[in-house]
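Asker: Below, each chain spelled out in residue letters.
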Amino acid sequence: MKRIVTATVINQSGVLNRITGLMTKRQFNIESITVGHTEKEGVSKMTFVVNVDDNAKIEQLIKQLNKQIDVLKVTDITDQAIVVRELALIKVISNAQIRSEISGIIEPFRASIIDVSRESITVQVTGNSDKIEAILDLLRPYGIKEMVRTGITAFPRGSQKSVTDLKQYSILN
Amino acid sequence: MRAKAKPEAEAVTAEMTGADVLIHSLKKENVEVLFGYPGGAVLPIYDALYRSPIKHILSKHEQGSIHAAEGYARVSGKPGVVIATSGPGATNLVTGITDAMMDSLPLVIFTGQVASTVIGTDAFQEADIMGITAPITKHNYQVRDVQDLPRIIKEAFHIATTGRPGPVLVDIPKDVANKTISPDYDSTIHLPGYQPTFSPNILQIKKLADAVGSAKKPVILAGAGVLHANAGKELVAFSEKHRIPVINTLLGLGSYPGNHPLFLGMGGMHGTYTANMALYECDLLISIGARFDDRLTGNLDHFAIHATVAHIDVDPAEIGKNVPTQIPIVSDAREALKKLLEIESPLPDTEDWRKKLTQNSEDFPLWKKSSATEFLPQRVVELVHEYTKGDAIITTDVGQHQMWAAQYYAFADANRWVTSGGLGTMGFGFPSAIGAQLAFPEQTVVSLTGDGGFQMTLQELSTLQELNLPVKVVIMNNQTLGMVRQWQEAFYEERYSQSLIPVQPDFVKLGEAYGIQSFKVTNEEEAKAVFEEAFSHRDPVLIDCRVSGKENVYPMIAPGKGLHQMIGVKP
Ligand SMILES: Cc1ncc(C[n+]2csc(CCOP(=O)(O)OP(=O)(O)O)c2C)c(N)n1
Ligand SMILES: [Mg+2]
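First to last, the protein sequences are chains A and B. Numbering-wise (numbering that gives the first Met the number 0), the first sequence opens with residue 0 and increments by one. Numbering-wise (numbering that gives the first Met the number 0), the second sequence opens with residue 0 and increments by one.
A couple of the hints might just be wrong.
[Said to hold, decoys possible] In silico EDC-like links for lysine to aspartate or glutamate, alpha-carbon gap of 16 Å or less: (1) B:K320 x A:E132; (2) B:K77 x A:E58; (3) B:K355 x B:E341; (4) A:K90 x A:E132; (5) B:K354 x B:E341; (6) B:K178 x B:D144; (7) A:K1 x A:D52; (8) B:K178 x B:E14; (9) B:K205 x B:E341; (10) B:K549 x B:E488; (11) A:K62 x B:D314; (12) B:K320 x A:E58.
If you're looking for bench data, these hints aren't it; they were derived computationally from the structure.
With these hints in hand, go ahead and build the complete structure from the sequences.
Answerer: This is the structure:
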């Protein structure tokens, strides 16, 4: 099963190395990692998407991460009300004729075209992973020349109540 | 030993180099001995050391330094401090650092590094020791700014010695060691991400006390965590109060008196039948400071399958890692035991259980051949026990002799047993004896070692010669890599691939080359005579014991088998 785990870490050189190293050592399957600064100076946040077989394994991961001296806090936020975002850049094969067709497809995703050349356009889309999967499905028939995803970053919503079922609304939440 | 002519370092001068700051900080941490080896990147540190009264033990290989530091830490509970130069000096420490990590030994290791300006350029003797040691240290630091040095050293000692102990490495670029500053020794530890739990949750203690009250077949598994927490007395009190039998892990030996009527012996691959059957049949397993290593549990499908499992450990990550645990208690072992002793709880009726276990011990005791002609390796351990009155510090290497030492020495007291458990590092035994002897100069220290493993670090004979410490090196020489040979006999149809070593150095001449009195004994009578003499004086001795090369360690749980499937339980 897929779990989203965040770790707040002290921004020391080597902390990323220690963390990815321990994941390799303990055979955790990492799907994505993102790291970046937070509102606190010297503190960074890492977001992992990991694939685990059972709860014991995810518990072990959280404990092992917590053992690292430079790790301040580790949370499995999968089952919380969270905001999750990932950015993807997708270079789609497209001549002038189908450009507007693609434009129409991506519009409901609130994606944008950020680069155009004679035989391709580059689409930027932001959202949760399902949304990115969905737009990729729609664009694939046109031919995807190149694609990169940042991996997700996430945190709990400001209010934990009444929004928990928001996820099911649509891929656009 | 300190040279009298050296001028004392100034306590705190206004301006001093990073290297002087380091040495001064070590004094503040009450470090009495350093284990190390010099080289280019640590020249400034060795120069500062030249001005300092701190004792430095010069090994003959950095692996010798770090295993000695481990032996020192294991018996004294104090951190072992190591210095090595950059590059090859640092990489020579890697095995020892990993060993200390696996066996939770507090070490603080200082490595030199090339100058900051050339880090990352593949400079002469540059190695990425931060990257190399990330997975094998509790924490590591590279000092970028010399002003941080006093704080980093404080933090390093704090991290190494608190919570679950472990090795911490501090990498110091040469220019940082050379730089002159006015140090701020008042800078405080700042570790917001490190707050090890010390005291147990009382609700969990209560839950365990209740489980104890209703247990019919309880058993305690005591590991090295009991030794680290200095909880031996409390463990004896708790087990006696509730009449609960006790099993030791390999590393936990000595945490419970080996001659106590409630003691069932060591558990695991070469543990006693009684201990392993108790782990198999128990209805309540109380594990204290033990981490359910696979050599202890055997096949997990058969481990403590009928039991409620309670696990007391300072390291929360050990709880539930290998064995599902119903009563997790994150705590220092001593604190948890103290709370358990305070709490009012019904005493369990364990009489039938204990009777059954006693019967097991009578029916299936440890056994060895009785032979009038062969010199049996197990007898060497028994004789060492006899001639040291069971009160020596015993260090071992890895292999058959290690298991026989664990089985036959019957440690009565804590911190007399030094062995490489988690990593199983050949070459550990002899240098660790030097470190243990430095921690306790008055104690009898015996390096019980194999003919194979001894040759991995025997260069430290020169260190022993220089220090003239009374370490007694007892080589249990079976002219084979015995443990490998045993597995090849049992599982590879006696194809003894690279495990028989008929060609050996003359160990007596070798010892004598280092100025150490050396003897060869080929039977019990000779051994008795030499031991009598060797253990009566304060000089180092080497004894090459030519024991039978065909003995196997029994009983045994074969790999993949469960606790109840021991082989070789009877002659
Ligand atoms: C550094 C290292 N290399 C290899 C091994 C594998 N190994 C385990 S026991 C053993 C044999 C040890 O032989 P010896 O030191 O003579 O001890 P004995 O088993 O004969 O008592 C070997 C090779 C090891 N544990 N450590
Ligand atoms: Mg041997």
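Asker: Against which earlier hints does the structure fall short, listed by number upward?
Answerer: Hint check: 1, 2, 3, 5 fail, others pass.
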